[in-house]
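From these two lone chains plus the hints, build me the complex, please.
If you read the protein sequences in the order shown, they are chains A and B.
Residue numbers for the first sequence follow the working numbering, beginning at 1 and rising by one.
Residue numbers for the second sequence follow the working numbering, beginning at 1001 and rising by one.
Incorrect hints may have been included.
As the list claims (entries may be wrong) - Ranges of calculated distance between the beta carbons of each label pair, as one might list FRET restraints: (1) A:S122 to B:G1128: 26 to 36 Å; (2) B:G1128 to A:G76: 51 to 61 Å; (3) A:P106 to B:Q1326: 55 to 65 Å.
Rather than coming from a laboratory, the hints here were simulated on the basis of the structure.
Remember, predicted model here, so these are calculated numbers, not experimental data.
All C-beta atoms, glycine included, are put in the ideal place defined by N, C-alpha and C.
As a plain string of letters, each chain reads:
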Amino acid sequence: MAPDGDRGAVHGERGTEHGDRLRFLAPLRRRAAGIDPVAAPDPVPEVDPVPAGEPLLARFVTAARAAGATVTTTAGDAVPDGIVERWIREHDVRRAVATAAPEVRPVAEAFAAAGVAVAPPSIEAAAAADLGITSASALVASTGSLALRSDVDGRLASLLPPVHLCVAPATRLVPTPGAVLRALGADDVPPGLVLITGTSRTGDIEQILTRRVHGPGTVLIVVTGA
Amino acid sequence: MIPPRLGEASLRDRTRVALADPVLRPRTARAVDRFASHRVESLARLDDPGALRDAARRVRASVLSDLPALLERFADRLLAHGAHVHWAHDATEANAAVTGIARGGRVVKSKSMVSEEIGLGPALEHAGCDVVETDLGEWIVQLAGEPPSHIIAPALHHDRDTIGELFDREADGGGVDREPTALAALARERLRERFLAADVGITGANFGVAEAGAVVLVTNEGNGRLVTSLPPVHVVVMGMERLTADWQQVDLLLGMLTRAATGQSLTSYVSVTGGPRAIDDDAGPAELHVVIVDNGRSAMLGTELHDMLACIRCGACLNVCPVFRQIGGHAYGSTYPGPMGSVLTPTLDAAVPGAGEVADASTLCGACNEVCPVGIPLTDLLLVQRRAAAVDAPWTSRAAWRAWSAAWSSPVRYRASITAATTARDASGLAALVPPGDRWAPGRAVPRPAARSFRARWKAGEI
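Pulled out of the complex, with its shape left as it was, chain B reads as follows (with noise of 0.2 Å):
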């Protein structure tokens, strides 16, 4: 059962519907343990891993740091190239943009989270569009009619046999095999239909190249190159912060983004779209055009949250986070997932109400900052969203961490209270039985106190 999204529940109800599954968590922990050991050896390999990453987060920070100038030139270029560009401030404009160029076609997709940030699927939907997912995780879960579960891995939360059940209903009278290369194969037969009779295909951007006006996909199925070279029209759909300066930045990024996200050195596909279709091609789109979105970007931009905006959608902080290892993607509730997810979540949807809470579903253990391929410091900027939050929670709330931290403050105070607890070291187990100790107690020892304290033990020469 898939989680009732943010804004439907709160964070601790949607997180119950994950644990109660008895499934997910062993899939969940298969999965990212895989991509994390394969994003260890891979690193492995490298003269100085350590190098490349302070590189890349300095290439990061130049980008940020000259962003409009940047973003102008990026545009120029691709309007020279014959591309059209669409500025978009926020989801409704990027949606109103590409629902305008598909006028009510077929659509088909490339995995783009941006698109899944934006509602881009349901917009063109209602605007009259038959639009089909191609990348196979993407497929899987738009037939199950879920959203994606990692932002690399989007089906992770299925096996074979949830796959051949959804898979059954589209194969011809009966059902398919549950071995994945038969699984594949009715992908590739059921996509192949679609590929060759749509009327626009629609990608993200890993990366934007300002000097050359281009665009970089990574993918390993091969369906961006389908989505890029056989409809008549491409529309790429960019978060505004996915550009690089030049083709050297997007070399180091390329080479950080694969063997953060999957261990490659290099996906099976790295696809450069430079222009519309020339007359030396054998196909390709007659009409390229690129929407690129803000969708409250700015809004990090020269803040605390400013290092945010220099994530390349990896996922290797999701590998490691051992909460998003125990509650999986969809108990988030949100477009993006884990530690990454908890930051962006409460800017990005800070009109749903509750989305400031999924900055609580971190240990602060700092797996994330040690794994991240450009250096953010995603632990810092959990607090920052937990500050900003704290300031929206309510007065009782506040008063009580107020009078906590004033009386741990001072050291007289700080030893009354252990003297307290250690007094009334017998009595621990009632704070479960009253509120708010009897929500956290259900499945857990309560603590009890030691019968004297360090700095008892410590005076009398006992250590």
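Next comes chain A alone, as it looks inside the complex (with noise of 0.2 Å):
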């Protein structure tokens, strides 16, 4: 990474600037003028803090399972003996598609040995998957949310399929939202990152509660080392 925080694009190339930035600016610096300077809370409170000593996957599990995920937890670091031919049976899974995290390397090849079709996710093949296998880079308590980072996680996995199993350990569980996000910071933001809190889900229709529209509507969840 160059010391000015750089990361650059594909092509690592700098960004093109459009429009008269002086001139946007002017009237704003202009009004701005006569504004007293209004000093922003330092630090910014919390939402929604996790008391310090709450057990974080009790609450993680709780949360998670509010916001319609369903989430399994296991003391070992694979996936429980005999799920994965449930959720095959349970969801008809005969394509998946799956990241290349360590983590996700054991589901995926259970999967694989029970005579599901797993391939890396490129758009075609997510696109036509019954399944999508990640890991996630934080497992947020407060919300049960899942933290995945673009360049770490993929986008597509998690996305286009319309079931989204996620293999992360227990060491990943952060306190709140506001973790994942504060440790950005200025130099540490992937290309995209997303917290997923249970399904795809809209109100658009009568306010009527109804999963799956574009993204998954099953979400499984296995936190492992736990």
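This is how it looks when you write it as structure tokens:
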């Protein structure tokens, strides 16, 4: 990474600027001159902090289930026996896509051993898959959210298939969404980061909660090492 | 029937059209009540929501007091990440920037109120683009040829039957089931084709983050993720005031936004865009553009309307407004309805005749002030807009109010007017027959003054 935090695009180039920055900012500067400076609260309070000492795993499981996800915890570092076969039956899984994360590999192999065609997540493969398998960079206890970075966890496997399976170790538990966001700072922002909380949903038809619009309607989470 | 837009008819006539719709009021009331109760429940789970609101208000005030410097920082960080930055002083410049990027291609849009404000959809279509809205509610109103009626629930004036009628035309050979899951499934199938074929994805921005050069987008359906992941080009159109200084500010405002809007502690998806696709990414746009839009906002900066720029577009003020509840969103005739819209419209749409009128669409009851997650004094700002509109009012109207004001400023003249009213109490019904009473009276009972005034009874020792 360059000293000034340049990460660069695919081609590593700096972006271009269009329109006239100075002309745009001139009226703002003129008017801002008459405004008394207001100091932001520092630190800014967290909306719903998790009290120190509260077990994060229990909080995560409760919040993720409330958001519509199915959560399994296991003391081991693999998905429990028999569960893969059950998921294949319940969700009629024939094709799956899986990221290259180390936590994902044994699960992907279990699906392949059970006869599921498993591929890396290209747009075509993910659009045709019944299941997408990823890990997560963080598990957020207060909201039951999964944090996925585009450069580590990918975008497609958690987005295009109707079912998303996420396998992550309990060591990735963090208290709040703020813990994920604040850690990004100025220089550690990936091209894409998403906090996923439960399933895709809408209330646009008569304010009735309807699951699965464009994203997965089923979210399966396995917390290992719990 | 959708009421005419601002400039096509007066507020009174637009309201008349809305009130004549027999299903609009029950649908609107049911929707806003549900949003409002979800908000109350979610805040009840917090230790001190009042302190959080005060912190959120101060965060927004600090950003607005330092906006030029923060915008520069934001733009510099974006450029360093390989994003392209466009400065757009008004709607024309913003639309020109986006149509220039889209070059007549296939466009998928995620819900964005600023894009409604600048008329981006029609501008893109005029430039030869194929444009589809991908938020379910936005797609419904696009198919119906209507503007959104609520800033976070664009189709709340529809029900499953009217949506079904629109979707029947999209279904292969015949109808679609009216169950919400079936309607959502049809939208998914039709729009999935469009996502996969799209050249350009367009989103708004809930927050820009100056320190990081990142944009935060809050969605529930997943269309926002698809728009920002599949097309080779992603264009963010953002109002210039949508900025924050750093992630801790985003953290607070995000939690306040989702709770105030839908009562969720977090929406299903919170998407952060930090730049174009990197080498390790499996998808994402090769090109990222951020269009920063002023379009009348700077005219509020540092004025009596300054605090309105703190708005985070949660829609909570719409959900508790007794006027919105009765007339729905379309009668306001402009992009932003409800209390926040009635403050914004007279300034943002200043060029449209009658724009100032919407500030009258309020009882000044103050329910909006109570629920605003960033503490905007909405009724104070509505009065600012009313004062501005009064300057332009006809001289007859101004003269009448001045005469009334002068009369009741003097105790003697005030008493004389009360004496006249009690004496002529039996004739008060006549007020309903002559202008302007005849426009006010239909559907109302004309109040009849008491036989003796309060002052007279007080003097007589009766009270």
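Hints, verified against the model:
A C-beta distance of roughly 30 Å is found between S122 of chain A and G1128 of chain B, which places it inside the suggested range of 26 to 36 Å. The given range of 51 to 61 Å is respected by G1128 of chain B and G76 of chain A, whose C-beta atoms sit roughly 58 Å from each other. Taking 55 to 65 Å as the suggested C-beta distance range, the pair P106 of chain A and Q1326 of chain B conforms, at roughly 60 Å.
In this structure, every one of the numbered hints holds.
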